[in-house]
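Chemist: Chain by chain, the residues:
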Amino acid sequence: MVVLLAVVLMGGLVWLVRRTRSGMRTGRAGADGAGPGFPDRPLGGKRVSPALMSQGRIDVRGLTKEYRGVMAVDDLSFTVEPGRVTGFLGPNGAGKTTTLRMLLGLVEPTAGTATIGGVRYADLDQPIRRVGAILEAGAAHKDRTGRDHLRIVCQSAGIPLARADEVLELVGLGAAGNRTFRGYSLGMRQRLGVAAELLGDPQVLILDEPANGLDPEGIRWMRDLLRTLAAQGRTILVSSHLLGEMEQLADDLVIITAGRLTARGTVASVIGSLPYLSRTLVRTPELEKLAAALGRDAAVTPDGDGGAYITGADAVAIGDAALRAGVAIHQMVTQLPDLEAAFLELTAGKAAIR
Amino acid sequence: MTALLDSAALDQAGDTGTTPARLLRAEFMKIRTTDTGWLFLAGFIVFTALALTANGFSTHFQLYPQQGQGDRAHALAAAAQARTPAGVAAISASMMTSGQRIGVIFALLLGVLIVTSEFANQTAAVTFVTVPRRATVIRAKLAAAACCGALFWLAGTIIAAVTTPLFLYSQHVSVSLAGWTVARAALLSLLAFVAWGVFGLGLGAVLRSQTASLIAAIAVYGGSFGALLVFTALYNLFHQGWMLGAPVIAPALASEVLTTSGPAFPNAPPAWVGGIILIAYVVALAAAGLALTKRRDVI
Numbered sequence: 001m002v003v004l005l006a007v008v009l010m011g012g013l014v015w016l017v018r019r020t021r022s023g024m025r026t027g028r029a030g031a032d033g034a035g036p037g038f039p040d041r042p043l044g045g046k047r048v049s050p051a052l053m054s055q056g057r058i059d060v061r062g063l064t065k066e067y068r069g070v071m072a073v074d075d076l077s078f079t080v081e082p083g084r085v086t087g088f089l090g091p092n093g094a095g096k097t098t099t100l101r102m103l104l105g106l107v108e109p110t111a112g113t114a115t116i117g118g119v120r121y122a123d124l125d126q127p128i129r130r131v132g133a134i135l136e137a138g139a140a141h142k143d144r145t146g147r148d149h150l151r152i153v154c155q156s157a158g159i160p161l162a163r164a165d166e167v168l169e170l171v172g173l174g175a176a177g178n179r180t181f182r183g184y185s186l187g188m189r190q191r192l193g194v195a196a197e198l199l200g201d202p203q204v205l206i207l208d209e210p211a212n213g214l215d216p217e218g219i220r221w222m223r224d225l226l227r228t229l230a231a232q233g234r235t236i237l238v239s240s241h242l243l244g245e246m247e248q249l250a251d252d253l254v255i256i257t258a259g260r261l262t263a264r265g266t267v268a269s270v271i272g273s274l275p276y277l278s279r280t281l282v283r284t285p286e287l288e289k290l291a292a293a294l295g296r297d298a299a300v301t302p303d304g305d306g307g308a309y310i311t312g313a314d315a316v317a318i319g320d321a322a323l324r325a326g327v328a329i330h331q332m333v334t335q336l337p338d339l340e341a342a343f344l345e346l347t348a349g350k351a352a353i354r
Numbered sequence: 001m002t003a004l005l006d007s008a009a010l011d012q013a014g015d016t017g018t019t020p021a022r023l024l025r026a027e028f029m030k031i032r033t034t035d036t037g038w039l040f041l042a043g044f045i046v047f048t049a050l051a052l053t054a055n056g057f058s059t060h061f062q063l064y065p066q067q068g069q070g071d072r073a074h075a076l077a078a079a080a081q082a083r084t085p086a087g088v089a090a091i092s093a094s095m096m097t098s099g100q101r102i103g104v105i106f107a108l109l110l111g112v113l114i115v116t117s118e119f120a121n122q123t124a125a126v127t128f129v130t131v132p133r134r135a136t137v138i139r140a141k142l143a144a145a146a147c148c149g150a151l152f153w154l155a156g157t158i159i160a161a162v163t164t165p166l167f168l169y170s171q172h173v174s175v176s177l178a179g180w181t182v183a184r185a186a187l188l189s190l191l192a193f194v195a196w197g198v199f200g201l202g203l204g205a206v207l208r209s210q211t212a213s214l215i216a217a218i219a220v221y222g223g224s225f226g227a228l229l230v231f232t233a234l235y236n237l238f239h240q241g242w243m244l245g246a247p248v249i250a251p252a253l254a255s256e257v258l259t260t261s262g263p264a265f266p267n268a269p270p271a272w273v274g275g276i277i278l279i280a281y282v283v284a285l286a287a288a289g290l291a292l293t294k295r296r297d298v299i
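Chains as they are written, first to last, in this note's numbering: chain A, 1 to 354; chain B, 1 to 299.
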């Protein structure tokens, strides 16, 4: 009799679970009720007002983290400006993720500070209304649906649960919201991560490798989204390994190697800081005469099509030499290195995994 | 694209922000949106049903001694004793808490999983980015673990409360479930369930590794019974009287002493001693879990 009762109870429990789950899936909107708008919500598809722009500045000063004698991050200082996309680059093990974790209060710095609008992340009131940051694309419980994952974040932060459905639609996961995370492709996981970032409509977005695993369409979608968010005056900090993508996406770069700052500035200024990587294509009827006039420092390599690449002398030096030698120049084009060449040059020899 | 980010939900939102009550609800959402908690509850219910069945058989043979059993006179005396009001109350109490002394393991392990699954699934970073005040999160988890323990107890007690009167009626024994003996047993059992849920959570928060925490939890519970052997051996060597009561310092034996109406083992100290020792362990583990979670880096 007792066993019979247990079976009946088990059946009832399974029924209850199914019912609760399907109830949750259809979703109750606006669970936390209506009321006056969030008083100082800076955004909502609109531009950030100039007065609030400075609240989005990320300021890293002398940030240092030592793990068992290894300097994971070593006296790192940089700022990230609002209204721009800043690429955060570095080889594997350079300390990018550790830096972001310190910025988000997950890891305690050995020394230095990291602030957002002058305030430590842990001291922000309602942090996810100010900063969107999800560090791992794989960071959801495998058995939980994408929608439940987002709703839990909403519930923790006191945001209406209906916001989860809005961001799911926004990132194109509306149809997959009720599937468990286990079945998500890497690209879908990335989109779920972005959805979680956008829950609080934050002024600052921090993304760690968001383009990993995205297909070309997904990469383009991500690029358009981040550019739009930056154009609204939001601060976007993106770490990535995809240098070609970063060259198209970022306004500014922060490059670190072995925990130290290697380069910072606009993409053009970082690439331009390596003049010796640029080369100049020259077409002239008297190549030998020009080569002789340039002297020994310049290397001249014929391109096999009547022209030649010259390295070791910039356009000014080549023009002056041509004038002195009385050589006619038919074409002269300076080719800057791409970000990949610049990155490899900047980080060469320092990229060992520590 | 620009208008995409307009949010009706956020515009309508009143007072947003983290509160302890919202955080506790979030913890319940975490538990109910995965299978683990439901599987534990189902397992506990099956276990309770089996324990009730076994307890029913043993009570039946106590009330109606079979022919051919060793000491017939002794068995008949015991049966007569069982039919006195005190005896019936003891049987009712025992039936009402069937399996619960072992059943607390379900609460213990679920408590462990509530916190370690966050680290195993890397959701700890999401949780602590959403709510950077980590102590608040752990307090919500402690409360959730306590509630889960209480829920298990409630499930087991409801099943027992439905079946025990029917069973005792079928055994022609007058039923008394309202008496203090039964209520006391049930309430002490509730205390044990809550304590073990929180114990598991504290243990998980301290160790963080899911595998290590589960093994440690089972080892602590099972290993506690080894304390009986150790202290008996020590008593045989040194003949100090206190050594016979000393096994109560093992957490599971403290729980046994707390919830058993008679002596849990020969020379066991009174129930309140077990209660104090068990609660001391729980408080110490919860405090350690809070302190360590506040201090340690989340990786």
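None of these hints come from the bench; they were simulated from the model.
Quick reminder that beta carbons are idealized off the backbone N, C-alpha and C, glycines included.
Treat each hint with caution, since some may be false.
Unchecked claim - Computed footprint of chain A on chain B; a stretch qualifies when at least three of its residues, placed anywhere within it, have a C-beta under 8 Å from a C-beta of chain A:
{"hint": "1", "region": "16-24"}
{"hint": "2", "region": "103-117"}
{"hint": "3", "region": "121-129"}
{"hint": "4", "region": "223-236"}
Chemist: Evaluate each hint against the coordinates.
Modeler: Against the structure, the hints come out as follows:
1. Figure legend: the region 16-24 of chain B, annotated as covered by chain A; annotation consistent (6 residues with Cβ-Cβ distances under 8 Å, at least 3 required).
2. Only residues whose C-beta sits within less than 8 Å of a C-beta in chain A count toward coverage, and the region 103-117 of chain B has 1 of them, not enough to reach three; the restraint is violated.
3. Only residues whose C-beta sits within less than 8 Å of a C-beta in chain A count toward coverage, and the region 121-129 of chain B has 8 of them, enough to reach three; the restraint holds.
4. With 0 residues carrying a beta carbon less than 8 Å from a beta carbon of chain A, the region 223-236 of chain B misses the three-residue requirement, and the given coverage is violated.
When held up to the earlier numbered hints, the structure conflicts with 2, 4 and fits the remainder.
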